[in-house]
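K.L.:
Could you build all of it, start to finish, from the sequences and the hints given here?
These protein sequence lines map, in sequence, to chains A and B. The opening residue of the first sequence carries number 1 in this note's numbering; numbering runs sequentially from there. The opening residue of the second sequence carries number 1 in this note's numbering; numbering runs sequentially from there.
Honestly, the hints are just simulated from the structure, not real lab data. Possibly wrong hints are sitting among the right ones.
The calculated DSS-like cross-link candidates involving lysine-lysine, where the alpha carbons are at most 30 Å apart (straight line), are [to be verified]: (1) B/Lys49 <-> B/Lys69; (2) A/Lys78 <-> B/Lys106; (3) B/Lys61 <-> B/Lys71; (4) A/Lys83 <-> A/Lys44; (5) A/Lys44 <-> B/Lys69; (6) A/Lys15 <-> B/Lys106; (7) B/Lys58 <-> A/Lys44; (8) A/Lys15 <-> A/Lys62; (9) B/Lys71 <-> A/Lys44; (10) A/Lys44 <-> A/Lys78; (11) A/Lys44 <-> A/Lys62; (12) A/Lys44 <-> B/Lys61; (13) B/Lys71 <-> A/Lys83; (14) B/Lys78 <-> B/Lys58; (15) A/Lys15 <-> B/Lys71; (16) A/Lys15 <-> A/Lys44; (17) A/Lys15 <-> A/Lys78; (18) B/Lys71 <-> B/Lys58; (19) A/Lys44 <-> B/Lys106; (20) B/Lys106 <-> A/Lys11; (21) B/Lys78 <-> A/Lys44; (22) B/Lys106 <-> A/Lys62; (23) A/Lys62 <-> A/Lys78; (24) A/Lys11 <-> A/Lys78.
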Amino acid sequence: EAGVAQSPRYKIIEKRQSVAFWCNPISGHATLYWYQQILGQGPKLLIQFQNNGVVDDSQLPKDRFSAERLKGVDSTLKIQPAKLEDSAVYLCASSSARAGNSGNTIYFGEGSWLTVV
Amino acid sequence: AQSVSQHNHHVILSEAASLELGCNYSYGGTVNLFWYVQYPGQHLQLLLKYFSGDPLVKGIKGFEAEFIKSKFSFNLRKPSVQWSDTAEYFCAVNANSGYSTLTFGKGTMLLVSP
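P.N.:
Written out as structure tokens, the structure reads:
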């Protein structure tokens, strides 16, 4: 089965520029996640979708970050304007989890590496 | 909210040595526990998970972990490591209800020398 697809794999931008990352989850997975992983730290959840609805975006810096999953399949994460501290790997993940079934395995993509200079 | 603490940031072992990576979590309710592994240049992969039942869980590649509820711990073990086990290991936890967020520890980088 195809895994979680992400693009681009690598991106270098200047501060105050914008960037967008795309994710296509595993087919049939209703739940989609965006995580931020800063070097030396574990992944931190930015936003979680259930189909096309947002379940948790409490740690998303909404003044500069936005994400959408309009048709409940693929998703885009945007950063505008970028700051130096946004340099990180942005991981997309998906699972078939539904309400009351939090134990489903989460499958991760290879990540999009962002460097802000 | 839950939190996860991994005891060691870096571990260096020789091949055939035994491995134990510590993981403690903080949460007052029932939890699901996971260990993920990230090999160099690859994506995060599930190593093993605990939901309920036998607290000793066996995963891929000879890894196992034991859930000790009284100690809020879920330590990862392998009796004899190989050079190919060089990777970063992440412990993670979520609450066993609804759409609970999966919270990760900071990770432990394991280097196995041949």
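K.L.:
Hint by hint, say whether it matches the structure.
P.N.:
Hint-by-hint comparison with the structure:
1. B/Lys49 <-> B/Lys69: Roughly 15 Å between the alpha carbons, so the hint for B/Lys49 and B/Lys69 holds.
2. A/Lys78 <-> B/Lys106: holds, 25 Å
3. B/Lys61 <-> B/Lys71: Answer holds: B/Lys61 to B/Lys71 is near 26 Å, not above 30 Å.
4. A/Lys83 <-> A/Lys44: holds, 17 Å
5. A/Lys44 <-> B/Lys69: holds, 25 Å
6. A/Lys15 <-> B/Lys106: With Cα atoms ~26 Å apart, A/Lys15 and B/Lys106 stay inside 30 Å; holds.
7. B/Lys58 <-> A/Lys44: At roughly 26 Å apart (the allowed maximum being 30 Å), A/Lys44 and B/Lys58 satisfy the hint.
8. A/Lys15 <-> A/Lys62: holds, 17 Å
9. B/Lys71 <-> A/Lys44: holds, 25 Å
10. A/Lys44 <-> A/Lys78: holds, 16 Å
11. A/Lys44 <-> A/Lys62: holds, 15 Å
12. A/Lys44 <-> B/Lys61: Holds - the C-alpha atoms of B/Lys61 and A/Lys44 are around 27 Å apart, at most 30 Å.
13. B/Lys71 <-> A/Lys83: Violated, at roughly 40 Å.
14. B/Lys78 <-> B/Lys58: holds, 10 Å
15. A/Lys15 <-> B/Lys71: This hinted pair is violated, its Cα atoms lying about 45 Å apart.
16. A/Lys15 <-> A/Lys44: Given pair A/Lys15, A/Lys44 holds - Cα atoms ~22 Å apart, limit 30 Å.
17. A/Lys15 <-> A/Lys78: holds, 14 Å
18. B/Lys71 <-> B/Lys58: holds, 20 Å
19. A/Lys44 <-> B/Lys106: holds, 10 Å
20. B/Lys106 <-> A/Lys11: Judged against 30 Å, a Cα distance of about 24 Å means the pair holds.
21. B/Lys78 <-> A/Lys44: holds, 27 Å
22. B/Lys106 <-> A/Lys62: holds, 24 Å
23. A/Lys62 <-> A/Lys78: This hinted pair holds, its Cα atoms lying about 10 Å apart.
24. A/Lys11 <-> A/Lys78: holds, 13 Å
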